[in-house]
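Colleague: The lines below spell out each chain.
Protein chains: 2
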Amino acid sequence: MNKIPNYILYGENEDEIFPDYLHIESIRARSIHHAWNFKPHQHHNLHQFFYISNGGGTVLIDKINYELNDNQIMSIPPLTVHGFQFSPNTEGWVLTLPQQFLQDIIGEIAFLIKPISQTLIHNCTNERMQNEFIYIFKSISEIHSANQPMRNFNLRCYTNLLIGKLAEMFPFAPELNQNIPQQKQNFVQEFQNKINENYKQRLSVAQYAKSLNITPTHLNRVCKSVLNISPSNLIDERSILEAKRLLSYTALSIAEISYELGFCDAAHFSKFFLNKTQQKPSAFRENTLINV
Amino acid sequence: MNKIPNYILYGENEDEIFPDYLHIESIRARSIHHAWNFKPHQHHNLHQFFYISNGGGTVLIDKINYELNDNQIMSIPPLTVHGFQFSPNTEGWVLTLPQQFLQDIIGEIAFLIKPISQTLIHNCTNERMQNEFIYIFKSISEIHSANQPMRNFNLRCYTNLLIGKLAEMFPFAPELNQNIPQQKQNFVQEFQNKINENYKQRLSVAQYAKSLNITPTHLNRVCKSVLNISPSNLIDERSILEAKRLLSYTALSIAEISYELGFCDAAHFSKFFLNKTQQKPSAFRENTLINV
Numbered sequence: 009m010n011k012i013p014n015y016i017l018y019g020e021n022e023d024e025i026f027p028d029y030l031h032i033e034s035i036r037a038r039s040i041h042h043a044w045n046f047k048p049h050q051h052h053n054l055h056q057f058f059y060i061s062n063g064g065g066t067v068l069i070d071k072i073n074y075e076l077n078d079n080q081i082m083s084i085p086p087l088t089v090h091g092f093q094f095s096p097n098t099e100g101w102v103l104t105l106p107q108q109f110l111q112d113i114i115g116e117i118a119f120l121i122k123p124i125s126q127t128l129i130h131n132c133t134n135e136r137m138q139n140e141f142i143y144i145f146k147s148i149s150e151i152h153s154a155n156q157p158m159r160n161f162n163l164r165c166y167t168n169l170l171i172g173k174l175a176e177m178f179p180f181a182p183e184l185n186q187n188i189p190q191q192k193q194n195f196v197q198e199f200q201n202k203i204n205e206n207y208k209q210r211l212s213v214a215q216y217a218k219s220l221n222i223t224p225t226h227l228n229r230v231c232k233s234v235l236n237i238s239p240s241n242l243i244d245e246r247s248i249l250e251a252k253r254l255l256s257y258t259a260l261s262i263a264e265i266s267y268e269l270g271f272c273d274a275a276h277f278s279k280f281f282l283n284k285t286q287q288k289p290s291a292f293r294e295n296t297l298i299n300v
Numbered sequence: 009m010n011k012i013p014n015y016i017l018y019g020e021n022e023d024e025i026f027p028d029y030l031h032i033e034s035i036r037a038r039s040i041h042h043a044w045n046f047k048p049h050q051h052h053n054l055h056q057f058f059y060i061s062n063g064g065g066t067v068l069i070d071k072i073n074y075e076l077n078d079n080q081i082m083s084i085p086p087l088t089v090h091g092f093q094f095s096p097n098t099e100g101w102v103l104t105l106p107q108q109f110l111q112d113i114i115g116e117i118a119f120l121i122k123p124i125s126q127t128l129i130h131n132c133t134n135e136r137m138q139n140e141f142i143y144i145f146k147s148i149s150e151i152h153s154a155n156q157p158m159r160n161f162n163l164r165c166y167t168n169l170l171i172g173k174l175a176e177m178f179p180f181a182p183e184l185n186q187n188i189p190q191q192k193q194n195f196v197q198e199f200q201n202k203i204n205e206n207y208k209q210r211l212s213v214a215q216y217a218k219s220l221n222i223t224p225t226h227l228n229r230v231c232k233s234v235l236n237i238s239p240s241n242l243i244d245e246r247s248i249l250e251a252k253r254l255l256s257y258t259a260l261s262i263a264e265i266s267y268e269l270g271f272c273d274a275a276h277f278s279k280f281f282l283n284k285t286q287q288k289p290s291a292f293r294e295n296t297l298i299n300v
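Protein chains in written order, with our numbering: chain A, 9 to 300; chain B, 9 to 300.
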């Protein structure tokens, strides 16, 4: 049998993505043939994503009924038994993705495995999130029907984005720390957010503790129990990360970087960098083999 | 030295993307320190992408001056000598990506290798394209500065999108057919577009030839010389592709699929499918291991 010529031409390897990378259609397109009703069924190796932009109805998932409304995103893993009764004229999309392609996206990223292996029905109340989902589904739908060059590459890109947005909806719960109370983890998360906002001022641990309404001793204890690192080291690591970024990616002088990171002079910064990384800033820059 | 804790927490493997996946900043942020002027320089292992949303100036690339204007996208591969004189208050972004990460994206996709290895200065006259570039650069910029979960995953997603959009700007010129005149290739491309728009009507080769203002004999000759396949086989392959998609991804009956693909009855369609794929439609569906 001949290969599909338009895909050969487009330079993508069709063998791996046959019969198609994914399928997408409007909820309307299939529903009108079934009076907007789908009996409970399951898919063995397909993951489905629904976005309802307008309308609703009910979905039966593993024998439990859930109400569907405007701006709802659903993620239904393989083997989940699901059935629908959509309200007539419901608008939105259903995207069907073979499990194997989803695995390729998720790979070893622990952060994605948990969210994607669960059934999710989420009401997007945030308008920005709504627009982002609509943009993604609309883009996939257009690319899917157009048969343009880069079709499969672009389908993959937007599917990746979708998976990323879905994962963001799940509370942040890393595998590493599952024995640590969620409250402590949230607290450290807040501390990290504050560091990220303020590290260029080189605030002290006492100043961060005050802004978190906590004593420095308590901050030290929580931080060590969750991350196994002291607050002052955590603050320093953030500065070092930024220093490395600026050394690698910009032509800023060491003095300019010192100033940008809140150090009073270049000598002080260089000593700090050497102490933390066993390299002078200039040596680090040279080692990244970048000439600006 | 300790690892950077916020990345460990986020479940991404920071070792591979150190000191950062990419760098992005506004053209203003760096320019104001240099009076909007950058002497000619090169980067050994960094690829740079510029988008000018507003303003302009001149860019010197390998000793040739080019004018810069609103809505211009630039792609500058490593080792290209480039310098800028921006007009004061020029708005836009500069994105710097290590060559190794770009290689990971491009991989074996022949379609991307050529566009990305060349210097590109392109004026985006299409408003949709402008908005897409602005959306991509803005998203990357926000994700870059936020240090949220999924940061590197999302940076990768949007960088992929950017590469895809850039590649789309290049004329379609597959490596396979570089000895075939561009005119013939464009012609076959137009034929393929027509097939894609009309395959559900099962038009004949004569009908397609007529709509292309060409004789069936000529269509046959051009099609065979470019794709090494006859027009009728090309038309049939498009129907088979869609049949496989519908069999794999939907619960439509064989009769419904026959009707959707423009066949007069299911028996005729099944015979056609068997002849082309050596499988009955029902067997193909079973082999994709999907229960709907």
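The set of hints was computed from the structure by calculation and includes no laboratory data. Some hints could be false.
Any copy will do: because identical chains look the same in the list, a pair fits if it lies in one copy or spans two.
Claimed, not checked - Capping the alpha-carbon separation at 20 Å, the derived lysine to any residue pairs in SDA-like fashion look like this:
id : residue 1 : residue 2
1  : Lys146    : Gly64
2  : Lys173    : Ser149
3  : Lys71     : Glu205
4  : Lys173    : Glu140
All of these numbers come straight from a predicted model, not from anything done at the bench.
Colleague: So which hints don't hold here, by number, going up?
Modeller: Hint 3 is the one this structure does not satisfy, whereas the remaining hints hold.
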